[in-house]
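In order, the protein sequences belong to chains A and B.
When we follow the working numbering, the leftmost residue of the first sequence carries the number 1, and every step to the right adds one.
When we follow the working numbering, the leftmost residue of the second sequence carries the number 1001, and every step to the right adds one.
Hints were generated in silico from the structure; no laboratory data involved.
Check before you lean on any hint, since a few could be wrong.
What the hints assert, rightly or not - Pairs of lysine to any residue, SDA-like flavour, derived with a Cα cap of 20 angstroms: (1) A:Lys37 <-> A:Arg110; (2) A:Lys90 <-> B:Met1273; (3) A:Lys89 <-> B:Val1118; (4) A:Lys89 <-> B:Asp1179; (5) A:Lys37 <-> B:Val1118; (6) A:Lys89 <-> B:Glu1267; (7) B:Lys1288 <-> A:Ala111.
What the hints assert, rightly or not - Listed below are several chain A residues computed to face chain B (Cβ distance under 10 angstroms; list not exhaustive): (8) Ala51; (9) His54; (10) Ala80; (11) Gln84; (12) Gly86; (13) Gly88; (14) Ala95; (15) Gly113; (16) Pro114.
A virtual CB, placed ideally from N, CA and C, is assigned to each residue, including glycine.
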Amino acid sequence: MTKMKISFSALTLAALLIAGMPLMAHHGTGVSYDASKPVQLKGVVTEFRYANPHPQLFFDVKDDKGTMVHWSGEFYPNPAQLVQLGWGKKRSEAALAPGTVINVTVAPARAGGPVGALMRLADEKDEVLLAIDTRTTPGAPPPPAPGQKKE
Amino acid sequence: MKKHWIQAGILAGSLALSSAAFAQGGRGITAHDAKNDTKPFDKHDLNGIWSRNGSPGGYGGGGTCRDCGDRGFGNDTPPFTALGQKMFDLNKPSYGRNLGSPEAAAHPEEHIGRRRAVPPVNGTDPYQWCNPMGVTRALVYPDPVEFYQLKDRVVQHFEWGQGIRTIWTDGREPLKDPDIPRWWGYSTGKWEGDTFVVDTYGFDERTWVDHFGYPHSTDMHLTERYKRTYYDTLELQMTIDDPKVYTKPWSSQLKKFRLIEKPKTLEGWQGLMEDICAPIEDVDQFNKRIRDPAGGVVH
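Go ahead and model the full structure; you've got the sequences and the hints to work with.
Printed below as a string of structure tokens:
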């Protein structure tokens, strides 16, 4: 299997795993965004809030004219889902510390503007940084809890 | 770069497909695990953490388990009264198929309540501002509910919104016309054979029946019938009798819960999670900085 095929199957799996969870999560998240028109952005994290009802990522992106645009991104999963997937608050905040360079794919707001729902979140090398579902994150299994057997 | 766009396309396609599938009902794992076919249990024991969530852990929003019914009360909605229609029209939900979308037009078999979602900033969902959910909505939402069965009452502790509801089993008569309505109503329960039957009256009419914005009045009488059919499975059938709003009683889709025996979190701290809708987070931060701008309203 080629690297490309692995990448494709992993992404397809990720999509299928992600898909059901987020769109009907708290607060009617799905309806505001258009997942059929994904937008790719490279930016720098300015703030990350691991909070209900959905974690929020704020990041700066330079547009085509070199102007800095402040983007707001909403996670599809909520903290309860992230916790179950092994992404607790400390680990998530460490991965998305201010200044982190990110490559993101967002479902843009139907109303326009620099706001979207995060579909993919990768690092500077375009490797998945904080997976929506950690089962698709190479080398990043959920850490075993103290006193628990590693699954 | 091309690869990324193809990947994004796969994601988008899968999201769209899955969204449609979830609107119809659950996926993921089933309520009942065949390994529990013959596991003994007490049919009158409701204690434990029960969940309708389709994820292996049973936590965290998203979809319902495969055979557990969907996230609405039921698709077989009876005709509204004139008042009911007015109340229904005033409610603007943000769940279901998008209002006016091709997907909404393609599913005329679904009641219009499931095909009229608007962005939250244009909606009227009381939960957007962290108001209480009410009984029926809390019961169909696919997050865990812990049942505490005590000598004189059954307490339901809903993880989503940290809701607490008391069902009295001390023999008192139902309070059919209380002076002060409540967000969670006034509930009494009794066993009819192996079915735990709950009657609830006195609802605050500002809650919705489910997240599709179906209304109810203060006069609603809700009947719930719980039956533990396997060690790991609890079934629920509900009926709403609300002549002010619906022209005949409305029976819910059959809902199923599965027993979550080993809840876990990151650090082995077992039990329900704290999932509170707090205005300081949800309203002041999330709504103002994310939800409202996503709907075109920038503060």
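**OP:** Please flag the earlier hints that this structure goes against, numbers listed from lowest up.
**Re:** 3, 4, 14
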